[in-house]
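Chemist: Spelled out, the chains give:
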Amino acid sequence: MQESNNILQEVTTTDYKYGFVTDIDTEVIPKGLSEDVVRIISAKKNEPEWMLDFRLKAYRYWLTLDPPAWAHLNIPPIDYQEIIFYAAPKQKVGPKSLDEVDPELLETFNKLGIPLEEQKHLSGMAVDAVMDSVSVKTTFKENLAEKGIIFSSFSEAVKDHPDLIKKYMGSVVSYRDNYFAALNSAVFSDGSFVYIPKGVRCPMELSTYFRINTANTGQFERTLIVADDDSYVSYLEGCTAPMRDENQLHAAIVEIVAMDRADVKYSTVQNWYPGDKNGVGGIYNFVTKRGICKGHASKISWTQVETGSAITWKYPSCILAGDDSIGEFYSVAVTNNYQEADTGTKMIHIGRNTRSTIVSKGISAGHSQNSYRGLVKVSAKAENARNHSQCDSLLLGDQCGAHTFPYADIQNETAVIEHEATTSKISEEQVFYCNQRGISTEEAVGLIVNGYAREVMNKLPMEFAVEAQKLLAISLEGSVG
Amino acid sequence: MREIEQQYISIYQEHLNLLTAPACNLLNEQRFAAFEQFKAQGFPVFGSEDYQHTDVASSFALDWGMNLNRFDFKVNPYEVFSCDVPNLSTSLYFMVNDKFYHAQEPAAKLPEGVFIGSLNNFAQAYPTVAEKYYNKAISTDKDGVAIFNTMMAQDGFVLYVPDGVVVERTIQLVNILRSNIDLLMNRRLLIIIGKGAEAKMLVCDHTMDAAIKFLSTQVVEIFAEEDACFDLYELEETSMQTTRFASVHVEQAASSNVLVNGITLTNGLSRNNYYFNLKGEHAEATLCGMSISDKQQKLDTYSHITHAVPHCTSRELFKFVLDDQAVGVFSGRILVKPGAQKTIAYQNNRNLCATREARMYSKPQLEIYADDVKCSHGMTTGQLDESALFYMRTRGISAEDARMLLMVAFTSDVIDFVRVDALKDRLHKLVEKRFSGELSKCEGCAICK
Numbered sequence: 001m002q003e004s005n006n007i008l009q010e011v012t013t014t015d016y017k018y019g020f021v022t023d024i025d026t027e028v029i030p031k032g033l034s035e036d037v038v039r040i041i042s043a044k045k046n047e048p049e050w051m052l053d054f055r056l057k058a059y060r061y062w063l064t065l066d067p068p069a070w071a072h073l074n075i076p077p078i079d080y081q082e083i084i085f086y087a088a089p090k091q092k093v094g095p096k097s098l099d100e101v102d103p104e105l106l107e108t109f110n111k112l113g114i115p116l117e118e119q120k121h122l123s124g125m126a127v128d129a130v131m132d133s134v135s136v137k138t139t140f141k142e143n144l145a146e147k148g149i150i151f152s153s154f155s156e157a158v159k160d161h162p163d164l165i166k167k168y169m170g171s172v173v174s175y176r177d178n179y180f181a182a183l184n185s186a187v188f189s190d191g192s193f194v195y196i197p198k199g200v201r202c203p204m205e206l207s208t209y210f211r212i213n214t215a216n217t218g219q220f221e222r223t224l225i226v227a228d229d230d231s232y233v234s235y236l237e238g239c240t241a242p243m244r245d246e247n248q249l250h251a252a253i254v255e256i257v258a259m260d261r262a263d264v265k266y267s268t269v270q271n272w273y274p275g276d277k278n279g280v281g282g283i284y285n286f287v288t289k290r291g292i293c294k295g296h297a298s299k300i301s302w303t304q305v306e307t308g309s310a311i312t313w314k315y316p317s318c319i320l321a322g323d324d325s326i327g328e329f330y331s332v333a334v335t336n337n338y339q340e341a342d343t344g345t346k347m348i349h350i351g352r353n354t355r356s357t358i359v360s361k362g363i364s365a366g367h368s369q370n371s372y373r374g375l376v377k378v379s380a381k382a383e384n385a386r387n388h389s390q391c392d393s394l395l396l397g398d399q400c401g402a403h404t405f406p407y408a409d410i411q412n413e414t415a416v417i418e419h420e421a422t423t424s425k426i427s428e429e430q431v432f433y434c435n436q437r438g439i440s441t442e443e444a445v446g447l448i449v450n451g452y453a454r455e456v457m458n459k460l461p462m463e464f465a466v467e468a469q470k471l472l473a474i475s476l477e478g479s480v481g
Numbered sequence: 482m483r484e485i486e487q488q489y490i491s492i493y494q495e496h497l498n499l500l501t502a503p504a505c506n507l508l509n510e511q512r513f514a515a516f517e518q519f520k521a522q523g524f525p526v527f528g529s530e531d532y533q534h535t536d537v538a539s540s541f542a543l544d545w546g547m548n549l550n551r552f553d554f555k556v557n558p559y560e561v562f563s564c565d566v567p568n569l570s571t572s573l574y575f576m577v578n579d580k581f582y583h584a585q586e587p588a589a590k591l592p593e594g595v596f597i598g599s600l601n602n603f604a605q606a607y608p609t610v611a612e613k614y615y616n617k618a619i620s621t622d623k624d625g626v627a628i629f630n631t632m633m634a635q636d637g638f639v640l641y642v643p644d645g646v647v648v649e650r651t652i653q654l655v656n657i658l659r660s661n662i663d664l665l666m667n668r669r670l671l672i673i674i675g676k677g678a679e680a681k682m683l684v685c686d687h688t689m690d691a692a693i694k695f696l697s698t699q700v701v702e703i704f705a706e707e708d709a710c711f712d713l714y715e716l717e718e719t720s721m722q723t724t725r726f727a728s729v730h731v732e733q734a735a736s737s738n739v740l741v742n743g744i745t746l747t748n749g750l751s752r753n754n755y756y757f758n759l760k761g762e763h764a765e766a767t768l769c770g771m772s773i774s775d776k777q778q779k780l781d782t783y784s785h786i787t788h789a790v791p792h793c794t795s796r797e798l799f800k801f802v803l804d805d806q807a808v809g810v811f812s813g814r815i816l817v818k819p820g821a822q823k824t825i826a827y828q829n830n831r832n833l834c835a836t837r838e839a840r841m842y843s844k845p846q847l848e849i850y851a852d853d854v855k856c857s858h859g860m861t862t863g864q865l866d867e868s869a870l871f872y873m874r875t876r877g878i879s880a881e882d883a884r885m886l887l888m889v890a891f892t893s894d895v896i897d898f899v900r901v902d903a904l905k906d907r908l909h910k911l912v913e914k915r916f917s918g919e920l921s922k923c924e925g926c927a928i929c930k
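If you read the protein sequences in the order shown, they are chains A and B. 1 is the number of the first residue of the first sequence in my numbering; add one for each residue after it. 482 is the number of the first residue of the second sequence in my numbering; add one for each residue after it.
Simulated from the structure, these hints should not be mistaken for laboratory data. We put the beta carbon where it would ideally sit given N, CA and C, even for glycine. Please note that a few of the clues may not be correct.
Unchecked claim - Residues on chain A that point at chain B, a partial pick, calculated with CB under 10 Å: (1) Asp79; (2) Tyr80; (3) Ile83; (4) Ile84; (5) Tyr179; (6) Ser371; (7) Val378; (8) Ser389; (9) Asp409; (10) Asn412.
To be verified - Calculated cross-link-like contacts (lysine to aspartate or glutamate; reagent style EDC-like; alpha-carbon spacing at most 20 Å): (11) A:Lys346 to B:Glu530; (12) A:Lys346 to A:Glu418; (13) A:Lys381 to B:Asp805; (14) B:Lys855 to A:Glu35; (15) A:Lys57 to A:Glu35; (16) B:Lys818 to A:Asp398; (17) A:Lys381 to B:Asp853; (18) B:Lys823 to A:Glu428; (19) B:Lys855 to A:Glu429; (20) B:Lys818 to A:Glu429; (21) B:Lys823 to A:Asp398; (22) B:Lys823 to A:Glu429; (23) A:Lys425 to B:Asp853; (24) B:Lys855 to A:Glu428; (25) A:Lys381 to B:Glu838.
This is chain A alone, in the form it adopts within the complex (with noise of 0.2 Å):
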């Protein structure tokens, strides 16, 4: 007991070992917002008059607004005018060997698993200059348009693609949708575009990681995924390494769209710095998800780790808008020290026969708050919609708190919904098992946390699902793993 007790202290009170600050020289804008802050954006990218026409739609929409204040998290006050919205990076001066570079963090990269290639990239070093990684990214680039597959930063779609840019951006979420969606669609600074043509399944996972190109403009990131019938794509947003961001508040934009029979998938892993382990700092993490299955059964699944950031606040979504289709959402939420997390989703049924599954689960410690909100809608036209939900909370430490806001609207007497939740500790008898079999308490944990999110984790792609299955044990036991 004793030993445990230890442990939960030593996991309530660990750091975040991998914040540092990288020096960068960057092109940046006057800090605040205005209409002028807004057009020098645009002007920036050079963007055609009609982007320019939405942003500004979308700011004079977002003046008219007040910042939401229903979610459980306590939020100190943003003032959007002390914050810089355009910061494009020119040169980065970084570490110019991997030995100049945190020994701490090259050991959290080793017990992840990341490769070497992949650690000079994200330990800051200039990846471009190193031989083969061009090459990689290019082999990629040419595989994917012998397929027809657009794969490419969100400004040069712009350029490139007006018609498809025109035609759903805003299509899923409108700068009217909410506060946060209007500040985006106001300022975004870049993102990215996918369009998978009719019968293409996309041959590899796609990854903002490897668009390296766009690295660091994430603060007001916009990403737009557009399936065409009988496509299928799996996309990978994050990563699991420690993303070490100077940016405060992160409000990003994901869209999808899934034609007929066409079939998405998006992962997200999150590890944002959460602050220190007295709340101090941290990332806000505001961001508004949602993927429309507009066709005949299509299919759009979301599977989220969420381990950083200081508030995570955010809600994949799916409109199940035709026929037959399906949204999914599968999500494993750990908050520690002061963190805050506000998350769930929220299952639209319009379409006949339409189904969803909702599987969640947050990991509380320390003085966390961790909430989980989710509304299943099932409008008057959509027959024997079927929904499935079920919440878990496993709670470490008794300072930290865990809940559940479930909503249920349904308007259609054919609908079968069940939401199930849980709270609990890790059982004693779990732990004590494992010490008997000569299991230390500290694996224990790790072991029973890992088993308590597989469910979800099962769900990720190969490659992410063993790295994210060791970055559940750092960040919930800092000495594990």
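Starting from the structure of chain A, add chain B where the hints point.
Modeler: Just chain B, lined up with the frame of chain A:
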């Protein structure tokens, strides 16, 4: 300040003399404080987190009559009301609108020291007890209607069971809504169960005049002291014209056991708020309820159970059966405060929608700040099991009967929580009748419809 609140503030200010005249000092003191609070916060705002589906203010906006002069309505409830529960003899009391009916009281003698009667009389007879408890359970500043009730209440009903006294016979209180004009009334119940005392109470709402519109606010305060045991069964059988905003506030001391069961069979619009505060270790709370709604009936249920200390248990079960254009709302919250270890809390909400137009909004919530707890909640909304229906039909049971059997079975576990056998049987029958569309009419009774 909205126009609607302003309207009631003017009524209050203009008729303060009428309001205070019949009431005792205790009520008036609390009234003044409540008035200040009401001025500051008003009625709950439609669309706010806890009032997403019920517009309170619009219900108050009609041109309601208020019986501030405390005129008596001509009715002798003992003559018109002969609903009884077979095999169960109760001590029967009446309230006509918001007024305790004094003229006649049941013959059965109450145990020594037990007080049942009007709040004003109680405040005179037991001034210190009244002062200790009246309006003390209403801690939440969210419930604008409860504050309005405190501001307007002129009298009320009190059940006081002193320490160690056990009331064997179930106490039955029948609220009769009777008026010639559309009427707004503010009913107030104060229930104090002393240390080791026990009692059971059944409260029924009935309307006598189906064509008249009624708006009733009701505040029930229940104090269960150490080792006390108390059951409250509420049965609403009113009319489509009746609007009810009720709240039950329960404070539980150590090792007390309180059960609240609210059954809504016929109503117009009802909003029932339940607040439980488990303040002593090993307290046990059971909260359950059901609604059978059709036409445009609406029941909005809200519950908030606070576990403030370790080793408490709470169980919650609500079931809704919705037909036609009926609307059901369930919003429940379990709050486990820091340090309330070894808490056990279960919350369950099960709903059946029978038609396309029926709407169910469900929101079960857990808010937990302690780690060594067992808390869970479950929620389902669905329809009758096709294969069960088919099974029964293959055995020669008509579709209609099969549906009814399944619906009765669906709701029966809420009734199974009832801890008085005779009442349980009676409720099973009432529910069956309600499903079969028969009016639940007792012979020779003028109140039952």
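Chemist: For which of the previously enumerated hints does the structure constitute a violation, in increasing order of number?
Modeler: When the structure is compared with the hints, numbers 1, 2, 3, 4, 5, 14, 17 and 20 turn out to be violated.
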